[in-house]
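Student: Chains as they are written, first to last, in the working numbering: chain A, 257 to 352; chain B, 294 to 777; chain C, 19 to 510.
One or more of the hints may lead you astray.
A short, non-exhaustive set of chain C residues, derived as facing chain B with CB atoms under 10 Å [claimed, not checked]: (1) 72; (2) 97; (3) 127; (4) 151; (5) 155; (6) 159; (7) 458; (8) 461; (9) 462; (10) 464.
Below, a list of computed lysine-lysine pairs in the BS3-like style, where the Cα atoms sit at most 27 Å apart [stated by the list, open to error]: (11) C:426 with C:459; (12) B:627 with A:266; (13) B:527 with C:468; (14) B:519 with A:332; (15) C:149 with A:332; (16) B:519 with B:754; (17) B:403 with A:332.
Ranges between beta-carbon positions, derived for each pair [said to hold, decoys possible]: (18) C:385 with A:343: 32 to 40 Å; (19) C:385 with B:631: 30 to 38 Å; (20) C:385 with B:342: 52 to 60 Å.
Hint data in this document are derived by calculation from the structure and do not stem from the laboratory.
Values in this document were obtained by computation on a predicted structure and should not be read as measured data.
In this text, a Cβ means the ideal position worked out from N, Cα and C, and glycines have one as well.
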Amino acid sequence: MSLTRQDVEKIAHLARLSITDREMPVYVSSLSSIVEVVNELSRVDTANVEPMAHPLVGQRQRLRPDVVTESDHHEKYQRNAPQVQAGLYLVPRVIE
Amino acid sequence: MLHDLSIGELADRLAARELSSVELTRHFLARIERLNPGLNAVITVTAEEALAAAARADARLAAGERGALLGIPIIHKDIFCTDGVRTSCGSRMLDNFIAPYDATVVAKLKAAGVVMLGKANMDEFAMGSSNETSFYGPVRNPWDRTKVPGGSSGGSAAASAARLAPFSTGTDTGGSIRQPAALTGITGIKPTYGRVSRYGMIAFASSLDQAGVLAQSAADAATALKVIAGFDPKDSTSVDAQVPDYPALLNVPLKGLKIGLLREFFEGLEPRNAKLIRDALAVFTSLGAETLEVSLPHLPMSVPTYYVVAPAECSSNLSRFDGVRYGYRCEGPKDLTDLYERSRGEGFGAEVKRRIMTGTYVLSAGYFDAYYLKAQRVRRLITDDFRAAFDKVDLLAGPTTPTPAFAIGAKIDDPVTMYLNDIYTIGANLAGLPGVSAPCGFVDGLPLGLQLIGPHFAEAKLLGAVHQFQLATDWHTHRPRGYE
Amino acid sequence: MSNWEVVIGLEIHAQLATRSKIFSGSPTAYGAPPNTQADLVDLAYPGVLPVLNGEALRMAVKFGLAINARIAPRSIFARKNYFYPDLPKGYQISQYEQPVVGKGAITVLLDDGTVKSIGVTRAHLEEDAGKSLHEGLANASGIDLNRAGTPLLEIVSEPDMRSAKEAVAYMKKIHTLVRYLEICDGNMQEGSFRCDANVSVRQRGAAKFGTRAEIKNLNSFRFVEKAIHYEVARQIEVIESGGQVVQETRLYDSDKNETRSMRSKEEANDYRYFPDPDLLPLEIEESLIASVRATLPELPDEKASRFARDFALSAYDAGVLSASREMGSYFEAVVAALVTALGQPHAKLAANWVMGELSGLLNRDNLEISQSRISAEALAGLLKRIVDATISGKIAKEVFESMWSDGKSADVIIEERGLEQITDAGAIERVIDEVMAANPKQLADYRSGKDKLFGFFVGQVMKATGGKANPAQLNDLLKTKLAGGQPVSFNA
Numbered sequence: 257m258s259l260t261r262q263d264v265e266k267i268a269h270l271a272r273l274s275i276t277d278r279e280m281p282v283y284v285s286s287l288s289s290i291v292e293v294v295n296e297l298s299r300v301d302t303a304n305v306e307p308m309a310h311p312l313v314g315q316r317q318r319l320r321p322d323v324v325t326e327s328d329h330h331e332k333y334q335r336n337a338p339q340v341q342a343g344l345y346l347v348p349r350v351i352e
Numbered sequence: 294m295l296h297d298l299s300i301g302e303l304a305d306r307l308a309a310r311e312l313s314s315v316e317l318t319r320h321f322l323a324r325i326e327r328l329n330p331g332l333n334a335v336i337t338v339t340a341e342e343a344l345a346a347a348a349r350a351d352a353r354l355a356a357g358e359r360g361a362l363l364g365i366p367i368i369h370k371d372i373f374c375t376d377g378v379r380t381s382c383g384s385r386m387l388d389n390f391i392a393p394y395d396a397t398v399v400a401k402l403k404a405a406g407v408v409m410l411g412k413a414n415m416d417e418f419a420m421g422s423s424n425e426t427s428f429y430g431p432v433r434n435p436w437d438r439t440k441v442p443g444g445s446s447g448g449s450a451a452a453s454a455a456r457l458a459p460f461s462t463g464t465d466t467g468g469s470i471r472q473p474a475a476l477t478g479i480t481g482i483k484p485t486y487g488r489v490s491r492y493g494m495i496a497f498a499s500s501l502d503q504a505g506v507l508a509q510s511a512a513d514a515a516t517a518l519k520v521i522a523g524f525d526p527k528d529s530t531s532v533d534a535q536v537p538d539y540p541a542l543l544n545v546p547l548k549g550l551k552i553g554l555l556r557e558f559f560e561g562l563e564p565r566n567a568k569l570i571r572d573a574l575a576v577f578t579s580l581g582a583e584t585l586e587v588s589l590p591h592l593p594m595s596v597p598t599y600y601v602v603a604p605a606e607c608s609s610n611l612s613r614f615d616g617v618r619y620g621y622r623c624e625g626p627k628d629l630t631d632l633y634e635r636s637r638g639e640g641f642g643a644e645v646k647r648r649i650m651t652g653t654y655v656l657s658a659g660y661f662d663a664y665y666l667k668a669q670r671v672r673r674l675i676t677d678d679f680r681a682a683f684d685k686v687d688l689l690a691g692p693t694t695p696t697p698a699f700a701i702g703a704k705i706d707d708p709v710t711m712y713l714n715d716i717y718t719i720g721a722n723l724a725g726l727p728g729v730s731a732p733c734g735f736v737d738g739l740p741l742g743l744q745l746i747g748p749h750f751a752e753a754k755l756l757g758a759v760h761q762f763q764l765a766t767d768w769h770t771h772r773p774r775g776y777e
Numbered sequence: 019m020s021n022w023e024v025v026i027g028l029e030i031h032a033q034l035a036t037r038s039k040i041f042s043g044s045p046t047a048y049g050a051p052p053n054t055q056a057d058l059v060d061l062a063y064p065g066v067l068p069v070l071n072g073e074a075l076r077m078a079v080k081f082g083l084a085i086n087a088r089i090a091p092r093s094i095f096a097r098k099n100y101f102y103p104d105l106p107k108g109y110q111i112s113q114y115e116q117p118v119v120g121k122g123a124i125t126v127l128l129d130d131g132t133v134k135s136i137g138v139t140r141a142h143l144e145e146d147a148g149k150s151l152h153e154g155l156a157n158a159s160g161i162d163l164n165r166a167g168t169p170l171l172e173i174v175s176e177p178d179m180r181s182a183k184e185a186v187a188y189m190k191k192i193h194t195l196v197r198y199l200e201i202c203d204g205n206m207q208e209g210s211f212r213c214d215a216n217v218s219v220r221q222r223g224a225a226k227f228g229t230r231a232e233i234k235n236l237n238s239f240r241f242v243e244k245a246i247h248y249e250v251a252r253q254i255e256v257i258e259s260g261g262q263v264v265q266e267t268r269l270y271d272s273d274k275n276e277t278r279s280m281r282s283k284e285e286a287n288d289y290r291y292f293p294d295p296d297l298l299p300l301e302i303e304e305s306l307i308a309s310v311r312a313t314l315p316e317l318p319d320e321k322a323s324r325f326a327r328d329f330a331l332s333a334y335d336a337g338v339l340s341a342s343r344e345m346g347s348y349f350e351a352v353v354a355a356l357v358t359a360l361g362q363p364h365a366k367l368a369a370n371w372v373m374g375e376l377s378g379l380l381n382r383d384n385l386e387i388s389q390s391r392i393s394a395e396a397l398a399g400l401l402k403r404i405v406d407a408t409i410s411g412k413i414a415k416e417v418f419e420s421m422w423s424d425g426k427s428a429d430v431i432i433e434e435r436g437l438e439q440i441t442d443a444g445a446i447e448r449v450i451d452e453v454m455a456a457n458p459k460q461l462a463d464y465r466s467g468k469d470k471l472f473g474f475f476v477g478q479v480m481k482a483t484g485g486k487a488n489p490a491q492l493n494d495l496l497k498t499k500l501a502g503g504q505p506v507s508f509n510a
């Protein structure tokens, strides 16, 4: 089962990835081959088998106490920011 | 030569003050300067910080403090956040990223007194089996520089194999420690899922990733594992279980140890490779172990399973790279969508984009049940197969890879062929099991690795078995020509 | 009679009042400078991981118990994937299948006195997003992630409401409940309590629901009501003019009183929910549930029932007085002080004053009852003087205002201003005589049948006595004297 160019465009948009026209056929073909490999899974009988999201059985989520442990380090963290003004991270205008 | 010594021997000499950490550090920094250009194993060298750390270690040693890793140099895979030092994850997306904190693994090793020499090259975002997807260019295998070292911890493996440092850290999601260790003739361990903290380790596939080490021997790996293992409250998936004293448990008697040989691993193996593996296994039996054939019937499904689960998780984990708070941002974005699409489209390489898109696809409406849920069900079947096998045997054994190192550029155009390199290693990640690769011979001058897989938290048994093997053999002492 | 039926479901997001965030140790306090309460986890730095705040879980369980819902023994966190600048990870950690709280219900008291049960489908934990700011930024938006990671309890109702009034009643009840439970401060201005309304219409008797539109972020009871009215009218118009209601997200514009389609966020988003691999399944043990149950306060309905029963109050009055724990406590303190002083609760009097005069001044000065300038004991002191007829109800209102502004007790004010009621019949009679003498025309008109002039005489006597004549006595004496009779005098 092959993916079409349209399928790949839709996926690329969901994932916010720009793919150039030149690159597109390569992705269509390689994604199609990958999908062929994963389609093998349909041959396995998994009736009554629970999906396994975590490799460790019997582990459960720890609860942490409701205590403030962090303080303000925004100057240090914002050194990595591409664009900051008045402490805010800037992005192109968002229209709501 | 200093770089021929084991971590234990180095620690002894440092303790006896026959050697200073600064001297040792200078020695390895000089090797990096001379030898790294031909390998491209190290992408950031932290010479000044290393010498400062070495001086601090020397002060601690002078004050009478002793520690198995105190003053010992290390190279960290560039996937671990290192405070104040660039952490690129092999990607243009993080080429300008200075981590503002230390990963727990880094912090623990720092506290133990290691001296970080630099950050190792790797497949971009840990996605790859050849270290050819790095933004910083491919890493070369010191045994043959036209060949790949494996991946994704290719830089760590090449650095350890070439003795640019006594040991290095790596991560293993589908084999990324074990496979490069096998292709470069060193000993690599992927611990049980949850044994080592993932905090600060840039996430690829959260339910599969685990941190480990690439070292010269099981003994050295044991020393390092003892320091990095342990519960971390900052990682919800970290297991709160006591860490055994691995170095003290290496003298595991192999008598009566039952080693399962996976039929699925030996099927289709090239005769010369198969022979090396069987010869290695013969060493185990000569030491008193028994081998039995076992079968994990669902194991052949591990590649399709992995290539649903890992991309699904990574497609979500990598959504945070959007050009807003850190990392690469495209020039002149015209609106928000453009900012996201071009920052990510330009910042990520092709393999990363492929996996993000695969993951997005298998999670998307209409496909979720057929792919993601299905894969997680098959994952349970694979895990159950392993559990059933471990009812009959103590450890499983087989080759780490189907072949020794292949040529740079040989497989990069076909992702599926590349994915099949992971065929022997992926199962352990899906089931969260610990695995080790140890060198067991050469084919056409290139190293081959023997893989042992154990049940959960069997690291001591694994390292002990390999240690006994390494006492009886000397594959792990061979050096690549030019790197003696 | 309209043949249209309105169907409404509400999704309420209540910010849980924890000290630290749901998955990180950052503080949750409101109003800090931008990005000063956003740590590495909140900023979604590479390599960070979430760890669950136990108090957020306890608060969710508390809510579930209060609505008689099933608490899931096993609960899963899931990732909701979408791109938006206020969502740093590119996914929100939320819950999809297996939420903490299952089906429950609450009852609301409607204006016409009827009681309706409204179902709650589920309630789950999730993290809040940051904020986008646009003012003062040319062609850009500024992202503040202080709010990112604050714990939210998303409470989803069944589509059981059939009018805007019912929707508001439900929202108010939930608002009261979360404050009672002390799991949310309910501050809608600050965004701690937000409501989205799912609104659809259908022909009465139709089996299926109509297509619904979601109206987002309604942050006042009034806006919820107005937005629903607008939306219902809009949808009916669309259908009646031959169109189809589009399933979409709309924003309510309170200035224009209309709903508008939201352009940016929604393009049939595929959220690709999957269990978050960084968080393990939550096993909610009986012992945790029991320990949370032990902390449940008397709930609003229980308190209202008790007030109605013990104090013979109407359901309406009991409901108003139990709208918050603080008001309920205040009321009970007034009653207790009256019992101590007079041996009787005088609950209706106390209720009227708390719901009337006191609430009036609290609203005027924008104060919570906990900030009242008149304590429960002080109010009881005033009410005592009404009961023992020291002052009339009318005078009491003046005294009350003075108590509020001057902080003095009722007795002090009554004394200082000589406000005691006149209860000496002789004295009242003398004033009546003077008034009758001064107004012969009105007297003649009254005696010839103009009964309404009774009020005139009452007013004149009150004026002459500075309002201090005991009204009941005045009424009796005036009636008798205007009729020409001689009142029986008890004072010799």
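Student: The structure should be examined with respect to each hint, and the outcome stated for every one.
Tutor: Going down the list of hints, with the structure as the test:
no., hint, verdict
1, 72, "violated, 12 Å"
2, 97, "holds, 5 Å"
3, 127, "violated, 42 Å"
4, 151, "violated, 14 Å"
5, 155, "violated, 14 Å"
6, 159, "holds, 8 Å"
7, 458, "violated, 86 Å"
8, 461, "violated, 83 Å"
9, 462, "violated, 85 Å"
10, 464, "violated, 80 Å"
11, C:426 with C:459, "violated, 44 Å"
12, B:627 with A:266, "holds, 21 Å"
13, B:527 with C:468, "violated, 86 Å"
14, B:519 with A:332, "violated, 33 Å"
15, C:149 with A:332, "holds, 21 Å"
16, B:519 with B:754, "holds, 14 Å"
17, B:403 with A:332, "holds, 21 Å"
18, C:385 with A:343: 32 to 40 Å, "holds, 33 Å"
19, C:385 with B:631: 30 to 38 Å, "violated, 50 Å"
20, C:385 with B:342: 52 to 60 Å, "holds, 59 Å"
Hint violations for this structure: numbers 1, 3, 4, 5, 7, 8, 9, 10, 11, 13, 14, 19, all remaining hints satisfied.
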